[in-house]
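Chains as they are written, first to last, in the numbering used here: chain A, 53 to 197; chain B, 66 to 446.
Mixed in with the good hints there might be a few duds.
[As the list claims (entries may be wrong)] Quick list of the computed label-pair ranges, beta carbon to beta carbon:
#1 B/Lys180 x A/Ala170: 46 to 56 Å
#2 B/Glu110 x A/His147: 49 to 59 Å
#3 A/Ala163 x B/Asp256: 30 to 40 Å
I should point out that these hints are in silico values taken from the structure, not numbers from a laboratory. Every residue, glycine too, gets a C-beta built ideally from N, C-alpha and C.
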Amino acid sequence: MSQARGLTPPIDELNAPFYEAARAGELQLMQCAKCERYLHPPRPMCPACHSTATRWQRMSGRGTIWSFVVPHPPLLPEFMDVAPYAVIAVTLAEHPALRLLGNLVSGPGGAINEIDPATIRIGEPVRVIFEPLTPEIHLPRWVRA
Amino acid sequence: MLKDKTAIAGIGETKFAKKLGPSELELASEAIVMALEDAGIDAKEVDGLASYTMESNDEVAVARNIGAGEISFFSQIHYGGGAGPGCVGHLAMAVATGQCRVGVAWRSRKRGSGKRPWASQSVLEPSVSNCWTRPWGLLRPVDEIGLLTRRYMHEYGATREHLCNVALAARKHANRNPNAVMHDRPLTREDYMKARWISEPLCLFDNCLETDGALACVVVSAERARDCRQKPVYIHSFGQGLPPEHNTMQNYFCDDPLRGPAWTCAAQLFRNSDIQPAEIDVAQLYDAFSPLIILSLEGYGFCKRGEGAAFTEGGAIELGGRLPVNTSGGGMSEAYVHGFNLINEGVRQMRGSSTSQVEGAESCLVTAGEGVPTSAVLLRN
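Pulled out of the complex, with its shape left as it was, chain B reads as follows (with noise of 0.2 Å):
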C-alpha cells in the first residue's frame, strides 16, 4: 500500500499573471528548480518525471534545461483538469515501488495569453463524442458543464446563491493570498449576482481565471524527505476514477450523468486511507467552474447526495468554516494551471504556511476535475 510511504519536499512555482514573457519552457524549468531549491536537492539527483499531455514541454525539453541525472521513470496522464494529483500520485507508486527516486511533476500553462482551446475547433474530427455536442452549438467547457448544473439545479434545489457562495468563498481566499490574481480585487454579492452570462446558469464569476503560470513538486521516499530543508508532507493516499459509461466533458449518455468520477477516485482513495471525509481538515478542489465543488463535496463524500449546495451555506468552505476549501483562492481566483497550485496549496496547508492557514491541519484532500476522469491525493503532516 502506498500509505505515507513517500512524501512531497518541495514545490516551486512562478508568478501568476494574465500574461507572462517567458515561454512555457521557461516557466516550467523555473518552477522544477524552485521545487527542488525549496527540497534542497540538486537536478542530478532527479530520475522521475510526470504531467498532464495537453503539457506543451515533454520530458526531453524540461530534463535538457533543468540538468536532470539519468531520467528512469516518466509519465504523462490525460483529461486536462483530471491530470494534476495523477501526476504526484504516479511518481508516489513509482517511489514507492523504486523505480525512481526523486520525482518531478509540474505543469506550465500559458492559457491567459494564448489561444482558448475550444476556440480551434471549428472543424470536428471523425469520431469523437462531440461530433454529437457541436454541432447543435454546445461548444466550450463552460456550456458542457452548464448543462449538468441546470439539471444539478433542478434536481436539488441549488440555486444560483449557492454557486455564489463558491465565487465568494475563493475570492476571500485569494484577497489574503498576496500571489493571486484577485489579491486585490474583492468581490461581493451584488457584483456576483449582475455579472454578464457566460452560459446560463453560469456567468462570469463561475469560471476559473485565464492565467499564466508554472508549478512544479517534488516527490521522494518518506525517508529522504525527513532529511529535506522543509517539513515533509505525506502523500497518505491516491486515486484515480473513470467510471463505467463515463464520457468525459460530454457526460450526458449513461444513467447519472450526475454521479461523475469523482465518486470512483473516492472509493479508491479512502479504501487505503486512515482519515475519513469527516476528518479531513482542509480541501484543495479543483474548480474550473464553481459547480464543480458542489459535485465534489458530494463525491468525496463530505456531505449526501444533493447536499452539496447546501453545505456552502453560512460560511462552511471559508476559513473559520467546517471545510475551508482553496484556500489560495483556487482556479477561480488565484491562478488556473490546470488545477496545479491546489497541489502546491495543499502543501502549504500541511507545512502550515498558507496564507489562509487552518489552524492545527493534519490533512488535506486534493482533487482533480470532476467531469473528466480524474485523480486526487490526501496529504498530512
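One chain only, chain A, in its complex shape (with noise of 0.2 Å):
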C-alpha cells in the first residue's frame, strides 16, 4: 500500500449511488429530478423547488481546483503517516457551487502527499479517478487534467 487507510464514510441511503457509481470509475451526483438543481452534498429536498424527486447525473468529471490546505500534524491516526498533504477543493465544470473535496496525485494508487503542495495552483484544471480504500468504497482522487 502506497498510502495509509483513511476513513470511510458509512454508506447511507443518501450516499449510496454515489459510492455504486465510484465502484464503475463514474462520477455521479445527486440532482433534482423535478427542476434539475444539483443536490450536494445530497438531501431529500430540492430547496429550489420542493420537489423529493432526486436522481443521480453522470458528471463529466472534470473541474479546476478553488483551493488547497496542507495539514501537518496533530492529526487522525488514519492520516499522521502521510502528513503533511494536499486536500484540494474542486469546482466542478457543470456548475460553479458544485464543489468536491479531494486530494491530488499524479495516478492511480498514487499517495495523496506525493505532489509536492508547493507546485498546486489555485485554478488548475483536474480530472477525476478513483482510488479503492475498501471493496466498498471508492473515494476520488484527482489528477492533473
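Combine both chains into one complex, guided by the hints.
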C-alpha cells in the first residue's frame, strides 16, 4: 500500500448511489428530478422547488482547483503517516457552486502526499480518478488534466 | 424592539490556564457567583439561564449549585463558537418580554487540559456533511478554515503579513492584561514567520489558545441595572445569522463561501441599531483563527468586501488604532473559552475598566464565530 488507510464514510440511503457509481469508475451527483438543481451534499428535498424526487446524474469528472490546504500533525492516526498532504477543493465544470473535496495525485494508487503542495495552483484544471480504499468505498482523487 | 431595554449588570470569570484543577461544573458555578456578586444580585433571584449546546453543565446542575430561584426561562444555542453573544441576546429578549427578570449566561470549558473534539471523530456518522470532507483528510477546524483562507488570499491578495497583524495585535493587548494566559509572552513578527505550520496557510500563531476557564454575565432590565453595583452596559442591539445554503465549518457547497454568517447577522444587528459600523469605538471579534477577524471586519461593515486584510495594516486594530480589536487579547492570547471572554471584555470597555481601555469608548461590538451560524451584540454605555 502506498498510503495509509483513510477514513471511510458510512454508506446510507443518501450516498449509496454515489459510491455505487464510484465503484464503476463514474462520478455521479444527486440532482432534483423536477428542476434539475444539483443537490450536493445529497439531501432529501430540493430547496429550489421542494420536490423530493431525486436522480443521480453522471458528471464530466472535470473541474478546477478552487482552493487547497496542507494539514500538518497532530492529526487523526489514519493521516499521520502521510502528513503533510494537500487537501484540494475542486469546482466541477458543470456548476460554479458545485465543489468536491479531494486529493491531488499523479495517477492510480498515488499517495495523497506525492504532489509537492508548492506546485499546486488555484485554477489548475483537474480530472477525477477513483481509488479503492475498501471493496465498498472507492474515493474520488484528482489528477492534473 | 430590544434597543437599550436590557443591560449587562455583572460579569465574572475564573482564572485562565492550560490546566485548572476544579471540574467544569465547579468553574461554571464560581464564575456565575462572581458575576452575581459583581452585580449585587442574590442568586435566589436568578430566573433565567442561557448557555451553549456544547456546554457540559446543564441548567439543573448549575441551578442546584448556585442556589438559583424559580427558573422560568432557559435556552441553549447551537454551533459552538457561534453561540456566545446569542446567549446574551436570548436573555435580553427574555428579560425585555417578561419571561424572566435576572438572566445568567455562562460558558465553562476545560479545552486546555481536556480532549480535542476533532480527535474523537475517527468514526464518521451517516448523513453528516463531514462525510464529504473528512475522508480526504480535511479533519480539524483549522483545516476547514485554512481552505477558506487560501481562497481568500487568492481572491484579494491578502498575505501572511496580514494574518500576522491580527496575531500581533492580540498579543500586544494580552501583554497589558495580567489575566491573559500570554501576559508575559511577547510575540514578534519574526516569531510568527518562523512558527510551525498547523495547516498551511495557517501557522501556530493563527490559532487560538487551548484554555481551561469559565465566564458568566448577568442580564437584567435597564431600570434594574441602574440600581446595581456597576455602571449599566446596555444591550443596544442583537443579531443571529444563518445565511442561505450555509454549511457550518464545511461551507464549500454554496455560491459564495467567503460571504459568511457575519453578513446575515450584521444586517439584523444594524437594522435595529442607532449606531452604525463607522461609529463603533472598539470591537471584540471572535478569533478561533486569525482569518476570522479579517472576514468579520468585512461582514460587520468596518470595510468593504476584500478590504479586511488591508484594514489590519498600520496598527489599525491595536489600541490607539482606528478600531482596536480584542483588547483583552481575545481567544488567541487571553483565553479561548468559546468566545465568552470577548463578552466580558466588551463590558469592561463600556465600564472604562479594560487593561487596554479605549479612551471615551461609547460602543463595543461583540461577535461570535464567523464561519458557523453566528451571533453578535452591540453594547453601549
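Go ahead and decide if the range 46 to 56 Å is satisfied by the Cβ distance of B/Lys180 to A/Ala170. violated, 34 Å
For the range 30 to 40 Å, tell me whether the beta carbons of A/Ala163 and B/Asp256 fit it or not. For A/Ala163 and B/Asp256 the Cβ distance comes to about 33 Å; the hint holds.
Cβ distance range 49 to 59 Å for B/Glu110 and A/His147, holds or violated: holds, 56 Å
Checked against the numbered hints given earlier, the structure breaks only hint 1 and satisfies all the rest.
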